[in-house]
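K.L.:
In order, the protein sequences belong to chains B and H.
With the first letter of the first sequence counted as 1, position 183 gets the number 183 in my numbering; the numbers rise by one all the way through.
Take any residue in the second sequence, note its place counting from 1, add 284, and you have its number in my numbering.
Think of the hints as simulated: they come from the structure by calculation, not from any bench.
Heads up, the beta-carbon is just placed ideally off N, CA and C, and yes, glycines get one too.
Watch out, some of these pointers could steer you wrong.
[Claimed, not checked] Stretch by stretch, here's where chain H covers chain B in the computed footprint (C-beta under 8 Å, at least three residues):
| id | segment |
| --- | --- |
| 1 | 185-192 |
| 2 | 262-269 |
[As the list claims (entries may be wrong)] SDA-like cross-link-like pairs, simulated, lysine to any residue; straight-line CA separation at most 20 Å:
| id | chain 1 | residue 1 | chain 2 | residue 2 |
| --- | --- | --- | --- | --- |
| 3 | H | K440 | H | Q349 |
| 4 | B | K5 | H | E415 |
| 5 | B | K5 | H | A346 |
| 6 | B | K5 | H | P751 |
| 7 | B | K5 | H | L350 |
| 8 | B | K5 | H | D980 |
| 9 | B | K5 | H | A416 |
| 10 | B | K5 | H | Y408 |
| 11 | B | K5 | H | R407 |
| 12 | H | K627 | H | G464 |
| 13 | B | K5 | H | Q349 |
| 14 | H | K845 | H | D908 |
| 15 | B | K5 | H | D908 |
| 16 | H | K822 | H | W867 |
| 17 | B | K5 | H | S564 |
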Amino acid sequence: MIPSKFDYVRPSSLDEAVRALADAGDDAKVIAGGQSLLPLLRLRLANPELLVDVGGIDELRGVTDEGDSLLIGARTTHYQLVHDPLIAEHCGLIAETAETVADPAVRHRGTFGGSLAHGDPAGDLPAVALALDATLIARGPGGDREIPAADFFVDYLTTALEPAEVLTGIRVPKLPGWGYRYEKFHRTAQAWATVGVAALVQRSNGQVANARIGLTNMGPVPVRATAAEDAATGAQASRDSLRAAASRAGEGTEPPADLHGAPDYRRHLARVLTGRALAAAAGV
Amino acid sequence: MTAPTVAHPAELGRARLRKEDARLITGQTNWTDNIVLPGLLHMAFLRSPHAHARITSVNVSAARQLPGVIAAYSGADFADEQGSLPCAWPVTPDIVIPAHPPMAVDEVRYVGEAVAVVVARNRYEAADAIEAIEVDYEPLPPVLDIRTALDEDSPKVHEAGNKSFEWVFGNGDIDAAFSGAPVVVERTYRQQRLIPSAMEPRAVVAASTGDEVTLWSSTQIPHVLRVMLALVTGIPEQNIRVIAPDVGGGFGSKLQVTAEEVLAVLITRKLGRPVKWTESRSEGNMTTHHGRDQWQRIRIAADSDGRIRGLDVDLLADMGAYLMLVTPGIPLLGAFMFNGIYKMDALAFKCTGVFTTKMPTDAYRGAGRPEATFAIERTIDELAVELGLEPLELRARNWIAHEEFPYTTIAGLTYDSGNYEAATAKAKELFRYDELRQEQAERNARNDPVRLGIGISTFTEMCGLAPSRVLGSLSYGAGGWESASIRMLPTGKVEVVTGSSAHGQGHETAWSQIVADQLGVPFEDIRVLHGDTQVSPKGMDTYGSRSLAVGGMALVGACDKVIEKARVIAAGMIEASADDLEWTAGRFSVRGDPEKAVTIGEIALAAFAAHNLPEGVEPSLDSDHTYDPDNFSFPHGTHLCATEIDTETGMVTIRSYVAVDDVGKVVNPLIVEGQVHGGIAQGIAQALYEEGVYDDAGNLVTTTLADYLVPSAADLPSYVTSRTESPSDNRLGVKGVGEAGTIASTPAVVNAIIDALRPLGVSDVIMPCTPERVWRAIQSAQQSGATS
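Whole structure, please, built from the sequences with the hints as guidance.
P.N.:
Laid out in structure tokens, this is it:
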């Protein structure tokens, strides 16, 4: 890797990190696992003057039970998401999704917070955070700020984080009794999702009481398939009716065109995968 | 004299782990990029962002001022001395071979072509300085599609036009074969552009001392490269040393003489300091030669019982912007393979080489034979459908029967051995062919959204390149022989020098096994030396699955000479007549008196001391041998692939894959297995995943491994492999296995996809068969079905 020249600091506390970012202005980037940033540095698509490595800040790690929710430290790696017992018990969708990210080497280094802060709509976890109605917590010079996932993803590779803010944690609600499924469609195991669908379903008396659907790589930011959610809510928990609801999953999306699929194909995939994800989440 | 018996089991056929593994797998070895010399400088290249443009100015003065920069040069700075990169295969007398300066001077013709170079104290400074070079371009129109590049109104890549050559070949009366034929099937196939992806990127280090210049390069061809460097640069050949240290894969992409190699040599001589360059993966995707890229029109004529009458092939082959080392010859290596394993009355072949503003193409694993094999095996399936015949039955009606070998094909090659019946029977059994056909019928009957398809590839190929006289008749610039030397050391150990240049094939292991058997010395006592023109001065290097069938046979000849000389010395030592001596397991003994014996090690010591050698015998026990084969060798096999296709998404999953290969006698089954596995993976990659894509402006889109999808173990099935054994005519009975898997597997996979989708009205999907392409093929077949 032959990046442009940059300075590097590795603070041991969150406040130190925030100060370093504030002092550097717009020319600094936070690095944790580096799985998204390093490729940009390698290709010289990003040329920050300062990297603030949060890898030494222990308060960013780990999972805390808060009663109705879990607080997941931003530095928690994909590997830890897959294997953490609290996540397995209360938020299996995150573990199931994290297991599909790239390959073991990436999962051991890449972090939950990094994947969200990078704001890549092709990443798997942003759509999951969106479907979960997660709350993202950031520390800036003025203290902590809570940002709903729905407001976090602003544009392609752009989030609501201010230049001097560090994403510290992600609060996700426990959803007891909800079924879930992440349907990822990709051409090779290591490839990004052509399309991904994160579905959460709450059933009641053979019907879908609640459905939440997050879509990966169906626009410049991860999006909720609200039309399909509305159609599924109140529907029979059957494959046919969920498939009918899923037929609206492409509505309002602006999928990209690239080597892995044109927009119309991606919308088609979103419909098919949403049908499958809803059915699996509903247990039918 | 008592002679200890050298006890060792027969090495031929023994599945040994490779001697090379520890250092290659850990990387604790002399990869070119690991080489550090005192005062080493680093090169970085500025490359064209345009597919086609006139260079109006290059200004390197700002770059020269930057910290750490030692020198910066434009193409014009080297215009007088850089020469033209060579093409060693002028396939026709009137072929157009444009000048190919290592660094562009007046015009760039593909994205990535070098226009300037910086030499700095480290790679970072060199890369930074590249950004300070100013180049003014006057863009010219790109030429991207070989189907329209020959039109009158097409922009021109070179002044002489976009046609490089037209090469025709044929045998039999093609008009008679087609006129009045009850069945004629015509198809057009696309061989997409592939980007070879060796694990180790290209890398060079060059150093000059006095008159001598040494080039370390991650190359397959140190010997050929040395000759070519002399011809291109004018440096006397005797002053050039080329070293290929451990090389991490090539697949043909390092069978090349590159701009970076030539410039490294020129620059180290200019500066008097050693220089290094290692490409990044993205730089490699752009500027390491590409493979394939053809449009194939193929017509087949048959009788109504399926007997093939003739085959007519018309190829358009994308040369890219220039002809590199063997660029024009690659599609022609397939010319003799379109008929495959089948008998027929006539063959006609035409290939037109076309220039485009893209990276030049050249050898890539299989080189011409995968393309040909794909076309014939796909077409045979289409013909079977046309005739309503089971595809294996149609093949059996046309293939060369076991008892017909040796058989001279319509292409004029004499296949020495083979047994297509045996390989196919074995493959069918391992595959559970009949059961799968049954399941397929059931799933079709119930309109299963996940379709099952069965793909067949009964392939052969020509390898062991090659008889020198044949290469001469094809206008190739060099011979096809190989050399070997044996040096018996005074302590009884053995040094083997080979002209083959391994870059992952395991020659050190396989060659040791061959020599161990021939000389009767332990495997562990043998060291194989290669890849340095000062250590191994003669050689034709490694490509075209030639090393075992040619280089291995050179070893056998060299061992013969050592044994012959040893016999004379042994006779003197034992005081017996040479005619009375028997050679077994590394020792000579007197016939009828086995206790009177000397080992090859004892003979070597006697030859070294030379105190008492027989009259006329020179000291030292060693030999040199060169071997020029009489014929190619012809591996064959039957590969069967079952795919499942999710018709809702277009996703193709390989459910099972059976490969029965006949590569003749096997030296090391583990190495053969590895070659077959890797080869199949690369063929599957062409069928499903890989494609080098340029956009409408001629920019390479697939510059990273995120866009150029190389499958990993996670994406590939577990293969069932097996072998049949039809020994070839050479003394070892070996054929070669480096490319067989790649040649065989691509049509097996695509035939399986089409077999699955044919009930839905799909008769072809262009490669790679991505989910989107498969899904669209289904959609369009259903739409046309609905309207018809």
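K.L.:
If a hint holds in the structure, say so; if it doesn't, say that too.
P.N.:
Evaluation of the provided hints:
1. 185-192: holds (count 7)
2. 262-269: holds (count 4)
3. H/K440 - H/Q349: violated, 38 Å
4. B/K5 - H/E415: holds, 13 Å
5. B/K5 - H/A346: holds, 18 Å
6. B/K5 - H/P751: With Cα atoms ~54 Å apart, B/K5 and H/P751 exceed 20 Å; violated.
7. B/K5 - H/L350: holds, 14 Å
8. B/K5 - H/D980: violated, 34 Å
9. B/K5 - H/A416: Measuring from Cα to Cα gives roughly 15 Å; hence the hint holds.
10. B/K5 - H/Y408: Distance ~8 Å between B/K5 and H/Y408 Cα, so the pair holds.
11. B/K5 - H/R407: holds, 12 Å
12. H/K627 - H/G464: holds, 19 Å
13. B/K5 - H/Q349: Holds, at roughly 17 Å.
14. H/K845 - H/D908: holds, 8 Å
15. B/K5 - H/D908: violated, 54 Å
16. H/K822 - H/W867: Roughly 30 Å between the alpha carbons, so the hint for H/K822 and H/W867 is violated.
17. B/K5 - H/S564: Between B/K5 and H/S564 the Cα gap is close to 18 Å, so the pair holds against 20 Å.
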